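Enquirer: Just so you know, the protein sequences line up as chains A and B, in that order.
Letter by letter, the first sequence follows residues 1 to 199 of my numbering.
Letter by letter, the second sequence follows residues 1 to 199 of my numbering.
Wrong hints could be hidden among the right ones.
Which copy is meant is left open, because identical chains are indistinguishable; a pair holds if it fits in one copy or across any two.
Listed next, the in silico DSBU-like pairs over lysine-lysine satisfying Cα-Cα at most 30 Å (straight line) [to be verified]:
1. LYS38 / LYS85
2. LYS168 / LYS38
3. LYS38 / LYS133
4. LYS168 / LYS85
5. LYS133 / LYS168
6. LYS139 / LYS38
7. LYS168 / LYS139
8. LYS133 / LYS85
9. LYS85 / LYS139
Don't read these hints as lab results, they were simulated from the structure.
Computed from a prediction, not measured in an experiment: that's the story for all the values here.
There are 2 protein chains.
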Amino acid sequence: MSPLGISGLAHLFGILAFILLLVWLLHYREGIDYDSDKGFRVFNVIFYDGIPNHTKRKESQEVCSHALHLIAIVLGIVGLNAVFKFHGMENIPNVYSLHSWIGIVTFCLFGLQWLFGFVVFMLQGASVNTRAKVLPWHKVGGRALLFMAVCAAETGLMEKSCFLTNLKLLHGRESNLINFTGLAILLFGVFVNFSVGFS
Amino acid sequence: MSPLGISGLAHLFGILAFILLLVWLLHYREGIDYDSDKGFRVFNVIFYDGIPNHTKRKESQEVCSHALHLIAIVLGIVGLNAVFKFHGMENIPNVYSLHSWIGIVTFCLFGLQWLFGFVVFMLQGASVNTRAKVLPWHKVGGRALLFMAVCAAETGLMEKSCFLTNLKLLHGRESNLINFTGLAILLFGVFVNFSVGFS
Chain A
1 MSPLGISGLA HLFGILAFIL LLVWLLHYRE GIDYDSDKGF RVFNVIFYDG IPNHTKRKES
61 QEVCSHALHL IAIVLGIVGL NAVFKFHGME NIPNVYSLHS WIGIVTFCLF GLQWLFGFVV
121 FMLQGASVNT RAKVLPWHKV GGRALLFMAV CAAETGLMEK SCFLTNLKLL HGRESNLINF
181 TGLAILLFGV FVNFSVGFS
Chain B
1 MSPLGISGLA HLFGILAFIL LLVWLLHYRE GIDYDSDKGF RVFNVIFYDG IPNHTKRKES
61 QEVCSHALHL IAIVLGIVGL NAVFKFHGME NIPNVYSLHS WIGIVTFCLF GLQWLFGFVV
121 FMLQGASVNT RAKVLPWHKV GGRALLFMAV CAAETGLMEK SCFLTNLKLL HGRESNLINF
181 TGLAILLFGV FVNFSVGFS
């Protein structure tokens, strides 16, 4: 299969995951509303951060890449705020689950990676030689962060479906929808892995 | 950092994850015993499959790689049997959670990847040209499977800690131990990603 075909599959599963998330949140859950008084709606804002933001980093796409990743960081901050707000409203303790640990570690490293890339490559804060030397690390680091983000998303779906099961709020079909969403996110990660694997 | 140093870190976190799992299962849970009448002990057998089995596939290590992966498949079969046995004993439905979906998809693809590698590379069932052509795919596929296995392990830890929370069986320190185990598995995957990233 051509690299373009693999990249197409990665995009397909990324878009599929996004659509499945929307169907889930709008049909089964309480929709998406950050300023809602209803705790669960606030919580759903965070899922907009669930799809890792990936662009192939060719030099011509550098600006676009940095801008998209900055948007991902802003969405991440909105999402983390929504979680803390939701936990405050529902009296749930913060940062106790494996999902929260993975999510916060990933988000912090993602922020550092972005800052590093911005200073070194965009502002050209390092010599041409140094830039050439650290670029492979930056790329492999980006791939690692993508997989960490996929892990954060999968553990998040797992945690949410566990909570809904306990509260006897999980519909049978909804459970399948969550699982298909998780598989789509996983396959998105797998095909991104293939599409950057040979570059 | 040298490739040897990164590979060392990958091994370090792999061993750390294994030790943390053992401490968790032996200290907080009911230990490990496939033939036990106690459902939870049977369940713990599956965690031996939780640490993805990775060796760098240089040609000289091919036989060792295939043997180790075959052991992983056997452990996987023992683990899956243990889960179905545990579910039967406790009247829990099979293959309903995201963890189980990811786990089974990963295990099946892992089996296919092993069979493919065995026939094509070990039995030399393809020409030298074809072998050279499919080797990069086999490597990138192996990396994808490692990340899928990490996702299966993380969602498994998440699911188990959710269940224990519901049953009010989760100790405060145990929760942290599970989270550190999950982080160690994640960092194992990240450093394997770095160590194979430049090869």
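Enquirer: Which hint numbers doesn't this structure obey?
Expert: Hints 3, 5, 6, 7, 8, 9 are the ones this structure does not satisfy, whereas the remaining hints hold.
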